[in-house]
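Dock chain B against chain A, hints included.
Keeping their order, the protein sequence lines are chains A and B. Our numbering puts the first residue of the first sequence at 1, with every later residue one more than the last. Our numbering puts the first residue of the second sequence at 1, with every later residue one more than the last.
Calculated directly from the structure, the hints in this document are not laboratory data. Glycine is no exception: its CB is placed at the ideal position from the N, C-alpha and C atoms. Honestly, I wouldn't trust all of these hints.
Stretches of chain B that chain A covers, calculated by requiring three or more beta carbons in the stretch to come under 8 Å of a beta carbon on chain A [as the list claims (entries may be wrong)]:
no., stretch
1, 48-59
2, 128-141
Computed list of chain B residues with no C-beta within reach of chain A, every gap over 10 Å [to be verified]:
no., residue
3, Pro8
4, Asp12
5, Ile13
6, Ala23
7, Arg148
8, Trp149
Single-letter residue listing:
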Amino acid sequence: MPITILYFAWLRERTGTGIEQLVLPQGVSTVADLIVFLRGRDAAHDAAFASPLVRAAVNQVFARPQTPLSPGDEVAFFPPVTGG
Amino acid sequence: MRRIRVHPDDFDIAAESAALLAACKQAGALASFTGVVRSTSAHPITALYLEHYPGMTEAALARIAAEAESRFALLGCTLIHRIGTLEPGQNIVLVLAAAAHRQPALDATGFLIDFLKTSAPFWKKEIFPDGTSAWVFPRDGDAQAASRW
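Just chain A, with the same shape it has in the complex:
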């Protein structure tokens, strides 16, 4: 079962992607692993994730680099929130 990856705000603009599905590659078991994998895929992702401001959520809960991933998860990447 693939994971769903969502991008918001300037992560969406810089990667040119709003949503994508991906079968978890071999060796990708955490949010940090997924970022390394995505950065290696193309220059746009590499540039977007170079920012130290990238935040993540897994299944709609704020996550950390070491948060584990499982097939079927919804993973989101976005900048620090600025609502209100």
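For chain B alone, kept in the frame of chain A given last:
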């Protein structure tokens, strides 16, 4: 009584206040905060674009409301956040808190807006008079305001 909404449409503060009070018959205090799109001569903007994470936003607002209910003697609260393109002077966000007395109502209102700003997945982009735009960066003061609770 918890009312949470995220939508492009404007809200009517008087109508929302009346609705919350009607649902909280024991209330003796109703506090409110309204956030408005701001454009100044030093930093003029023509519009503010608000993006959010559908699903997570509502869940995050519900968690913030639940935390407020557990910390303060709240009888009810309303959280409404607009999305899409808004112009200077237009409403962005409404927080209402109903309680028996003023202190829990005022405290809960401050808590709710401080945590909404740091814990709910909304992002603002400013549109400038020359047509350029820029995503807003969080202010250090926002995290400090939330950490005081």
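- Query: Hint numbers the structure violates, sorted upward?
  - Reply: none
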